[in-house]
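Chains as they are written, first to last, in our numbering: chain A, 27 to 482; chain B, 27 to 482.
Just so you know, these hints were derived from the structure itself, not from any lab.
Hints may be right or wrong, so weigh each one.
If several chains are the same, the list does not tell them apart, and a pair holds so long as it fits within one copy or across any two.
Said to hold, decoys possible - When the alpha-carbon atoms are kept at most 30 Å apart in a straight line, the in silico DSBU-like pairs for lysine-lysine are as follows:
#1 Lys246 x Lys141
#2 Lys354 x Lys456
#3 Lys342 x Lys246
#4 Lys342 x Lys282
#5 Lys268 x Lys358
Number of protein chains: 2
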Amino acid sequence: MRNILIIGCGKSSSALIKYLQEKSESENLKLTIGDISLENAQKFVNNHPKTQAIKLDIFDKTQRQERLQEADIVISMLPARFHIEVAKDCIVFNKNLVTASYISKEMEALDEQVKANNLVFMNEIGVDPGIDHMSAMQVIDNIRAQGGKMLLFESFTGGLVAPESDNNLWNYKFTWNPRNVVVAGQGGAAEFIQEGQFKYIPYHRLFRRTEFMEVEGYGKFEGYANRNSLAYQEVYGLQNIKTLYRGTLRRVGFSKAWNMFVQLGMTDDTYNMENSEEMSYRDFVNAFLPYSPTDSVELKTRYSLKIDQDDLMWEKLVELDIFNRNKKIGIKNATPAQALQKILEDKWTLSPDDKDMIVMYHKFGYELNGEKKQIDSTMVLEGENQTYTAMAKTVGLPVAIAALKILNREITTSGVLRPIDQAVYEPILKELETYGVIFKEKEMKYLGYNIDNVVG
Amino acid sequence: MRNILIIGCGKSSSALIKYLQEKSESENLKLTIGDISLENAQKFVNNHPKTQAIKLDIFDKTQRQERLQEADIVISMLPARFHIEVAKDCIVFNKNLVTASYISKEMEALDEQVKANNLVFMNEIGVDPGIDHMSAMQVIDNIRAQGGKMLLFESFTGGLVAPESDNNLWNYKFTWNPRNVVVAGQGGAAEFIQEGQFKYIPYHRLFRRTEFMEVEGYGKFEGYANRNSLAYQEVYGLQNIKTLYRGTLRRVGFSKAWNMFVQLGMTDDTYNMENSEEMSYRDFVNAFLPYSPTDSVELKTRYSLKIDQDDLMWEKLVELDIFNRNKKIGIKNATPAQALQKILEDKWTLSPDDKDMIVMYHKFGYELNGEKKQIDSTMVLEGENQTYTAMAKTVGLPVAIAALKILNREITTSGVLRPIDQAVYEPILKELETYGVIFKEKEMKYLGYNIDNVVG
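Produce the entire structure from the sequences given, and follow the hints as far as they go.
Below, the structure written as structure tokens:
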């Protein structure tokens, strides 16, 4: 019986645990789910005979190390900043480790020790990062194997609401951590490369520099730039590429409307507002508008954002009930971002029957035998329900599949890794297909970075 | 013979040193000017028999303490962050200290020790902070002495080019540290109070939320908000005031044009641009615009900033030669702000015959005997030449006057202070008048905070 220790469980653990439970008999697996809340861990047991839930405080070193020693492999689903102590213990006790988080500098620094101990620390193997890495590298490696040279790589991922549950003017609901959505794009300019030129977008312009993309059967989406595109030169070996751009997908029109909040200053998370607890939604809006002895908050908002009388943008604000005089923010010393999150959660929280959706869109431009070509690759996965969401499946399944393959010595390369090697991504992507994670490729006319499709 | 040690000298030291030299005979003064560059210190000697220049490295503790022990009072004109070691030594060796800088937390923390030693550490006694404190407190104390209650305080200061030297479309030249101008307003939202409501302006809107003001004989100016208005509640005892707003003055139209740089992201000082050394001015502009296979940097700029064909804003950009293909930024790893500063310095550096100008504008709203009233108080000082600039005079003269008064025991209150007590500001303001620093007061109709002067 092989013991898999899963540390920390949240929304994304459902599909991960279900997968391993389904394999427990054939693969001879025992699961230990450790969480700071025993009650929370117990939710994931599902009456499965080989699964035990335990209370596990990762800051209790003795307990942590005891549990770790009993494991044959460790999956950490903790928030990214908490992985490092677990990772260090994994070196001490010679355990392999799987996480869905970006490799931090501290994690990266363990690489030599991990290699010296012949261990596998597989990270960035959720959806984004994770499935994006694997599906992109599969196409890139294939182009290179044919002798092609990469010219352009653009990649977008979005966690959205499924079409059947898409019933507000924003075409958006929170399917993941709302806070990350509210502060998305902050902390510095977005940097990327377009046709060999380095380009920079400041935060306050980010949501007005989108691209549109069409996904067959799902219509149009738009993408705004992520901050970190340049890092992918190194990771994917795209050092001389002409265009490199990573972004986040939303339904068309979301970004332009979101920009209203950015422009007013409502997404700022760096200071606390006075009297935020007693502040009404209307007061919150008014705090970003000049005082006037005569004019309404509504007209000041329209004027400040140049919203015409017949502009749908206005209806999007009204739908949020953001001018309400009675609803209170109710949070002490709230930052604007926290106050805005409160207002949005009233309207953008999934209803019990709502389903979510993950959409991924890659563009690969390349030159092969003197000819310039482009492949667009898309993936859409809808959630089953509020437990087995598209997010939980796309984050949890690759983690679970990788963990089992490492346990079975099918993945053996040692080090602090991400899933960018063919030996890793090929079998995982293949298995993911049986769970509905299917990429569709389409040949496109290569026009380079060319937002208006102008034929020079 | 009393020895005044002046540590650190720059542009602002000329008027300060001249004042003390002129008083040296009558007041029995000896001046020691210490600077990291002996050559620089020597420039300020002016063949004056009682002035010596020395090389002084404030990080050389032995030398610093030696020189300090010989002094009867110390004036530190060092950059604000370097005062603290000097201040600590002043406590050890029982010396009074004068600086023109904002009181830092470290300086504030010395208050008890300074009081225990019965010393005077007078800070914030330049122009802004300095003359603004003194001239505002004089009016505020006067209103209170009559039994009035403060309702509104707005205060604006600007370092500008004098009308006779004002010959570019921006009506602006650098009369002080250009870097401070380029990054002005960054680091967080501006916070202030309008009619009892806390208001917040994010950086990217700061230069579009200006107020206009008229100064008799000088025409219109505009003010944009400083970040720190709320701190003045405490400092000036304005805790229950309805409107509190501090800002920076520019000529009308400057802020709207400056906003073009803010919108493009050119004032960002948080990251380094790729290839900045070899980048042309045109490349710099293009880095903030999307790639296009067909369109010019000019049209992309107009489109991105929505500049109509006949808008003077465009001429302001062209005047800066910002689309030049041949001029290079020439700075390694420049931030956008550093690159922009380079471009602006080509055009906004004062010519040898140019004169500068300091403008200050205060508004005081108050209630007296049931009646609401307003006094506007303005001060304009033009520079004499490039040595005795308005900036050097308004920064240096209050420092020099205060230092002499402390030396003569005319100012004796001990502690880490700013010039907000009548006993301090009254005689200094009086003496400043003889140097042309004259405030003109005017009674105005009180309309509260009311940017469009709407009569309710």
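Status of each hint after checking the structure:
1. Lys246 x Lys141: neither (45 Å within a copy, 70 Å between copies)
2. Lys354 x Lys456: Answer is neither; intra-copy 50 Å and inter-copy 52 Å both fail.
3. Lys342 x Lys246: within (19 Å within a copy, 39 Å between copies)
4. Lys342 x Lys282: both (11 Å within a copy, 29 Å between copies)
5. Lys268 x Lys358: between (48 Å within a copy, 23 Å between copies)
When the structure is compared with the earlier hints, violations turn up for hints 1, 2 and for no others.
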